[in-house]
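Visitor: Okay, here's what each chain looks like letter by letter:
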Amino acid sequence: KAGVTQTPRYLIKTRGQQVTLSCSPISGHRSVSWYQQTPGQGLQFLFEYFSETQRNKGNFPGRFSGRQFSNSRSEMNVSTLELGDSALYLCASSGGSTISGNTIYFGEGSWLTVV
Amino acid sequence: QKEVEQDPGPLSVPEGAIVSLNCTYSNSAFQYFMWYRQYSRKGPELLMYTYSSGNKEDGRFTAQVDKSSKYISLFIRDSQPSDSATYLCAMSSPGDYKLSFGAGTTVTVRA
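The listed protein sequences derive, respectively, from chains Z and L. For the first sequence, the working numbering assigns the number 1 to the initial residue and increments by one for each residue that follows. For the second sequence, the working numbering assigns the number 1 to the initial residue and increments by one for each residue that follows.
A hint or two may mislead.
[Said to hold, decoys possible] Which residues of chain Z face chain L? A partial, calculated answer using Cβ under 8 Å:
1. Ser33
2. Asn56
3. Phe60
Since the hints were derived computationally from the structure, they do not count as laboratory data. In this text, a Cβ means the ideal position worked out from N, Cα and C, and glycines have one as well.
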């Protein structure tokens, strides 16, 4: 069974540009969430989607957005990139409609460097 | 004060030793508790999942949850060099749809 797949794995962008990251969840999983990981802040929740609906959003500026498609695949977008957006962006999927009783699996992440 | 506190270490132990990791939390609504292992430049890998209070054992790993003290632990017995990684605690409350993570503890097991 394939795991959570994230693309691209590594990318370098310039300040002011925008970036789109993609995530394919485990087959059959309908919940997809995104996290940002930095050395200083650790893992921080960005947002969670279930059946194309955003159910929760973390404390990030509006430059960070996401969406989920009918096949459960998800994308996140960061506009007007800042140096502080350099991080590992992790996608996670879960099989049920809630976290309770369902384990969450992470992908390998997308390493974003903003220069 | 952070919602989940975890000593970042680093922690260095000889091969075969017991590794003891712990987290404390402030949100009494947390019901689901997880431990993840993350190798360098990799995504977190789920190790243990526990609901509410109690102990859970899986091979060399034992997870404990004490909700009355808001304290969770992970023990690794007979540690191996391959256990060298960062260990993250994570927790969630019903209907929250997100995980709150500790800072992660970096563990090195010396051969």
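Visitor: Each hint: holds or not?
Guide: Structure-based check of all given hints:
1. Ser33: holds (6 Å)
2. Asn56: holds (4 Å)
3. Phe60: This hint is violated: phenylalanine 60/Z lies away from chain L, its Cβ roughly 12 Å from the closest one there, beyond 8 Å.
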